[in-house]
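Peer 1: Based on these hints, arrange chains U, F and E on the given structure of chain L.
Protein chains: 4
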Amino acid sequence: MDKFRVAVLGATGLVGQKFVSLLSSHKMFELVYLTASERSAGKRYREAVNWILNDELSENVGEIRLYTNEELLTRRDFDIAFTALPSEEAEVVESKLLEMGKVVVSNSSNWRMDPFIPLLNPEVNADHIYLLRSQNNFKGKIMKVPNCTSAILSLSLKPLMNRFGVRKVIVTTMQALSGAGLTGVPSMFIVDNLIPYIQGEEEKVENEPRKILGSFGLKGIQPAGFEIFATTTRVPVLYGHTESVLVELRDKAESTEEIIQAFRDHSWNKIADLSLPTAPSEPIIVKKENDRPQPRLDRVYGNGMSISIGRIRLDLTGSVLRYVVLGDNIIRGAAGTGVLIAELYAELNKKGKI
Amino acid sequence: MDKFRVAVLGATGLVGQKFVSLLSSHKMFELVYLTASERSAGKRYREAVNWILNDELSENVGEIRLYTNEELLTRRDFDIAFTALPSEEAEVVESKLLEMGKVVVSNSSNWRMDPFIPLLNPEVNADHIYLLRSQNNFKGKIMKVPNCTSAILSLSLKPLMNRFGVRKVIVTTMQALSGAGLTGVPSMFIVDNLIPYIQGEEEKVENEPRKILGSFGLKGIQPAGFEIFATTTRVPVLYGHTESVLVELRDKAESTEEIIQAFRDHSWNKIADLSLPTAPSEPIIVKKENDRPQPRLDRVYGNGMSISIGRIRLDLTGSVLRYVVLGDNIIRGAAGTGVLIAELYAELNKKGKI
Amino acid sequence: MDKFRVAVLGATGLVGQKFVSLLSSHKMFELVYLTASERSAGKRYREAVNWILNDELSENVGEIRLYTNEELLTRRDFDIAFTALPSEEAEVVESKLLEMGKVVVSNSSNWRMDPFIPLLNPEVNADHIYLLRSQNNFKGKIMKVPNCTSAILSLSLKPLMNRFGVRKVIVTTMQALSGAGLTGVPSMFIVDNLIPYIQGEEEKVENEPRKILGSFGLKGIQPAGFEIFATTTRVPVLYGHTESVLVELRDKAESTEEIIQAFRDHSWNKIADLSLPTAPSEPIIVKKENDRPQPRLDRVYGNGMSISIGRIRLDLTGSVLRYVVLGDNIIRGAAGTGVLIAELYAELNKKGKI
Amino acid sequence: MDKFRVAVLGATGLVGQKFVSLLSSHKMFELVYLTASERSAGKRYREAVNWILNDELSENVGEIRLYTNEELLTRRDFDIAFTALPSEEAEVVESKLLEMGKVVVSNSSNWRMDPFIPLLNPEVNADHIYLLRSQNNFKGKIMKVPNCTSAILSLSLKPLMNRFGVRKVIVTTMQALSGAGLTGVPSMFIVDNLIPYIQGEEEKVENEPRKILGSFGLKGIQPAGFEIFATTTRVPVLYGHTESVLVELRDKAESTEEIIQAFRDHSWNKIADLSLPTAPSEPIIVKKENDRPQPRLDRVYGNGMSISIGRIRLDLTGSVLRYVVLGDNIIRGAAGTGVLIAELYAELNKKGKI
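Protein chains in written order, with numbering that gives the first Met the number 0: chain L, 0 to 353; chain U, 0 to 353; chain F, 0 to 353; chain E, 0 to 353.
Okay, chain L solo, but in the shape it has when bound (with noise of 0.2 Å):
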């Protein structure tokens, strides 16, 4: 089978490591272009790369040339692009790989809430990739990789939506080092110590998770109606974000077992029936012992596609519901997510339907 070629734009940041590592030896996709600031462009990825992963850098992809994105542009002879840059840049280099006719997997927060661009948790909202139908102002496709938090606070408020209904969210989080990229927390800021503040966060957390859950209408994606309340915390953890939710049931619940039951038997959407290679077997972990989940114990599951949830606690009333969720960041919360995303499409591409 052809494989689709792709290019990783800021190939060398936390989040472009994960790609790279996860598309190395991929069967659906070929990684062809790394991009990277001038600096490092022209430089081969090994030595240009500050490569932090425990997992193995492969050995042609190490010796992959560095381009910078407007190298890149000239280019033709790519399919799929990731884009892993901050916004601004995103916004501008995204626009001209649409021009060009590309399909952008995107990992930056521009354009996150348009009602015509998907905003895809695959699990929970594949059939928003339907979106794509109606993106004709431009040659290429667009598709966008929710916030780390809100693909894993989505992901469990799914089931939960399906079987009670949620009228309100209250969320505080703890949130990993690798959050912030690389170079972005200071250690002399963080031992010892967290920072109960991350720029931006609060928004998205608010507004993503309900668009992801939203249903389609005339103009676009509706978000679900339900408001969330966040609070966002920096903690010295390397991976793993921990999520401490409260959420009002519109229906009451009758035990906590019946929770479990939600998480554990639902019916994900038919992307099972696809068999992407990135999608977990299990979406949702729940854990029953008393401390867990623990980002350093639990990030691994489904190579880091699963979430887990633990401490599942149920009010007298039955509607109001207490829950821990973790989930790794950079994996479901970004290049994990991307790749699934990017399976998807080629997937449902294939079959024409896209």
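Keep in mind that the hints are not guaranteed to be accurate.
You can't tell identical chains apart in this list, so a pair holds if it fits in one copy or across any two.
As the list claims (entries may be wrong) - Taking lysine-lysine pairs in the PhoX-like style, the calculated list, with each CA pair at most 25 Å apart, reads:
#1 Lys-286 / Lys-42
#2 Lys-251 / Lys-167
#3 Lys-287 / Lys-95
#4 Lys-203 / Lys-287
#5 Lys-350 / Lys-26
#6 Lys-352 / Lys-251
#7 Lys-42 / Lys-287
#8 Lys-138 / Lys-350
Treat the hints as calculated values from the structure; they're not laboratory data.
From a predicted model like this one, the values you see are computed outputs, not experimental measurements.
Peer 2: Leaving out everything else, chains U, F and E in the frame of chain L:
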């Protein structure tokens, strides 16, 4: 002036060490007895303690011989006992101290919710100390120090309750390692990690603040009539509990500025007039920077007796308030408040009011 | 092929867990017994263990009922005992296992310096296993796993000894928390800190490598004739001991390049021919980047069985060599080497050589 | 008494902040100018600085308007300039300050090894200040603060050199994050990790202590005649450099007790008679506990100006000494020593000796 002669029970633990530090050269108290486990009894304090504070251990106090609790119970020549014992042990020992007629200032969790035992966070509810007048079934008097998280939370809620009324509180905490004592959290469990559970903590946080903020009734203290939903977690921070709080206000606030005023201008109860040495000049410090309070930077105010509040956000309706509050768990949350309680008692006792 | 039936003693500890993980689906060994303290005995392994590894605990092994060591000693139907017990307890239990005729692979520190008991770091001194032939005062056979730091150090010294000779070794270690077991280092003692002392460690590091690098003599193993000066410290790292080494060489080296060649081209003893499953293809990885090896990035090579060496510097005289060596203390420094020893034994036993 | 008017160049960095803190209410100095980068110039110090110290930032100093270095160079009304600039920038700025006739106390690494520029660790080599008399090729005077690690090491070596003589020094350091400044070490690189390399550091540590311990010669300072072999590493500790030292003594010591006496009874040079405010009463604190010094517990002595030494071990021959020494890298290793140097200068200048 004559000093009260005081004992610290459980003096080698972390809270015990802080009691010792605060009482070493106190103008109202003379430290005469220290107790520890059988294994340490007989040794000098300096030899037995694994002194972990940056406060210097005073020369003479280091020389005090350690007693077991049993040995202390045979001594008469002291007035006040500060206890920092596990609650089961505390229950037995405190009973005996009360039979002996001692004044007990207890940091242990037993009996905290007893409506006739004052649970004191002096700036908030110093008047609850008059419950002592109805403690007639034993010769002594006993006052309880609140749970660390509850002390911090209730101090932040008091101005809100007075100005706006409180309908509901939802709180997620990020608690310091020291809250579990010297050896409570093994490093292998917490480096690059957090633990979303602290045994017994949530029940305390959901109840103690309501008693502290409660009022006198026929059956002792009547708890305040709002609900608290707590999720408590442990993070890799040495000192300082951080709490992400959402409060549904009874009366709408107009602006965050009004909230800030409420925190800053609250007239704390009359203990200010008593000039107690451990009372901070400002119980609440409002931080205006976006990324504060942070435990390592802000746990120091008022020698650890002030809490700091930041990230004050009000929703559009004016009735949903969010903020982050931080306090030193060992000082405001334990030994410091214990000493302040004893100062309050001593002063009122001298004035013949108790 | 028939598998050896094996037991792990002290299976709930950290080294015990790693033994369990490595032996769960091993082609030469079948895990049949696990022991733990009285408190855990009778429970299933899954229930009793505080599983902290990222390796998944296998379904069937999780179901194994825990025995006490005493109960195990009444069983006959196993061949090899892997011990991960405190050394005093080990002394008693291992004596009994030997009387029973069992083969003991011991990670405990008792008897390590006995000249007739092989202290094996197989790539370095597999031939010392023939000491077993003179173990005639009991029915069983016993082999010792070196102290973690010594295993790593001796592996790095072997090529140098062969090529240049070693006159003196000065080493300062920065050892991981896991070296003290699951609960050995409380977090309050090590966050924002290091501890420049590890009980009993320096004596081991100054002696064990000399035995490992020693030769057969009339009285068993004769230690290598150079002195080691060790300073051992504990740092806030989860896994991976880092050692800063200075070696005075007997014969001058010409260049760091010659040293690198010595490390890379060393022909390890014939165990390579045995194709033991746990033997790494490259026992030593030379890192050329200035800032490597680093524990979090480099502890992973050879599934934790390879050590990595960097910062190789030679003084102008060519006889003072400095380098930094790193190895996984739980795998190369304990359970991994234990399993490799057992594989060596099993293979030679099958061939009738032991 | 008239105060010297002083400027701090590079005031928003970590060392700059500590200079500001130490000079804010100093009886000999009045802080009048602060400089920072172009980006911050014009702002008030309080607004521009990311104040990370626990020392409170004084009200008036917070109000000082920041200048660029260029703007400062147009001002005449100050006497002493404390520089905490990158060395390349320092080279330019310090040259101009010297042309202007200013007294420069420089924490930057340029020119430190110039034999006619005093590299001062005042308790060790206050007399080197008389090199200033031969600084005649420019109008001003310049004195250098040693590299942090060298300041701590040389202080520990001085008593040994005087009593026993030093033949060789081998040192491995474990250095704090703050040594790299506010943002030098990203948290992603150091959590659960250490880095066995610090750029340019080993060369400094191998040379500066020898100059500090050197003597006057025809060509300025003649370095002490022993060799130092250094390996420097970065560990996840906020403040406090720990150094594992092995010293080959020229004359044998009889016992560790004799070494301890040498450390404790050393008569530091006559600066004690000058009663300089920043000079600690005991430059060296000997710790007898096995597991000390530890950075978090022991960096505080003498307000950060004392070093602490522990783990003193002497080999059987009496000529190989090992110990661990610790000091606050920002105070003893930078700003504190800088202020002490300025005090020494000011005092001698007042007495007309310089």
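Peer 1: Is the C-alpha distance from Lys-138 to Lys-350 at most 25 Å within one copy, between copies, in both cases, or in neither?
Peer 2: Within. Shortest intra-copy distance 20 Å satisfies the 25 Å Cα cut-off; inter-copy 70 Å does not.
Peer 1: With identical chains treated as interchangeable, where does the CA-CA distance between Lys-286 and Lys-42 reach 25 Å or less: within a copy, between copies, both, or neither?
Peer 2: between (45 Å within a copy, 20 Å between copies)
Peer 1: Taking 25 Å as the upper bound on the Cα-Cα distance, should Lys-287 and Lys-95 be classified as within, between, both, or neither?
Peer 2: neither (49 Å within a copy, 40 Å between copies)
Peer 1: Quick one: Lys-42 to Lys-287, C-alpha cut-off 25 Å, is that within a copy, between copies, both, or neither?
Peer 2: This pair counts as between: shortest inter-copy Cα distance 18 Å, intra-copy 49 Å.
Peer 1: Is it within, between, both or neither when you check Lys-350 against Lys-26 at 25 Å Cα-Cα?
Peer 2: Only inside one copy: Lys-350 and Lys-26 sit 17 Å apart there, 44 Å across copies, limit 25 Å.
Peer 1: Between the shortest in-copy and the shortest cross-copy C-alpha distance, which are at most 25 Å for Lys-352 and Lys-251: within, between, both, or neither?
Peer 2: neither (39 Å within a copy, 52 Å between copies)
Peer 1: Taking 25 Å as the upper bound on the Cα-Cα distance, should Lys-203 and Lys-287 be classified as within, between, both, or neither?
Peer 2: Between. Shortest inter-copy distance 22 Å satisfies the 25 Å Cα cut-off; intra-copy 30 Å does not.
Peer 1: Within, between, both or neither: how does the pair Lys-251, Lys-167 come out at a Cα-Cα threshold of 25 Å?
Peer 2: both (13 Å within a copy, 19 Å between copies)
Of the numbered hints given earlier, the model fails hints 3 and 6; all others are met.
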